[in-house]
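Chemist: Sequence:
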Amino acid sequence: MEKLSVVISGFDPYEGIAVNPALIVPDTLAKEGIAVDPNDFEDPLHGVDVRIHAVHMPVSFGKAWPMLKETLDRVHPHIVIATGLKQAARGILLERCAINLKDTTRPDADNVIPGHRVIDADGPAAYWTGLPLRAILNAFAADDIPASLSSDAGTFVCNALFYHLQAWAARQPRPTMCGFVNLPLVNEQPHPQHGLPLAQQITAGRDVVREAARYYKRPMGPDILIP
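Note that the UniProt record's numbering has the sequence shown beginning at 1, numbered continuously upward.
The hints are simulated quantities; they were obtained by calculation from the structure and are not laboratory data. Not one of these hints is a red herring.
Below, simulated DMTMM-like cross-link-like pairs (lysine to aspartate or glutamate); rule was C-alpha separation at most 25 Å, straight line:
(1) LYS63 x ASP27
(2) LYS217 x ASP43
(3) LYS3 x GLU42
(4) LYS217 x ASP73
(5) LYS217 x GLU42
Please work from the sequences and hints to get the whole structure.
Modeler: As structure tokens, this is what we get:
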């Protein structure tokens with residue numbers, strides 16, 4: 001059986017968040033995997049063993065990327081999906097690009113405040129996501145999961161990790177699909193104004209992995225970039 005390896009990253013708890021979906025969702029998907037209909041012979045994932053590996057890092061400019069890269073060097077994945085937490089988000093945010101900028105007065109987990117500076121003086125201004133955004137949004141709609149596109153992942157640790165990840169992917173000899181997804185707070189109340197139930201966020205994570213894997217096996221250009 002053909003194997004497709006996926007790494008999903010998340011972050012350790014930060015700023016007193018008791019239940020961090022960017023920690024729980026990757027671990028759950030690595031443990032439970034994704035479901036594919038064995039009788040659907042038209043599915044690009046028919047006969048493919050999708051193996052998911054989870055890793056979580058501190059919210060640290062200096063430590064997050066080296067820890068993720070250590071996993072990438074060990075696993076050699078086909079797909080990498082980084083996740084973060086966006087506390088003000090109503091639903092899932094699909095990040096379209098990583099920008100070459102660190103700009104914050106807020107300390108990271110190591111109490112580091114980088115100020116205003118580029119991530120890589122020799123790097124491009126931005127990298128586009130490699131995820132099939134249109135297909136993922138369609139899957140979210142079918143599962144009634146609130147979601148939207150986001151222009152970028154901000155200028156804090158999430159964006160820095162995303163930028164390093166896309167720069168790494170651009171250097172790989174084998175095509176490697178990478179992207180970033182921000183999750184909202186966990187909110188188990190019905191019809192919350194902000195946040196989503198944990199089970200719904202896990203379903204969203206499965207949708208992202210499944211559609212990314214399908215796209216990797218059968219790419220279609222218009223699925224990636226949405227104006």
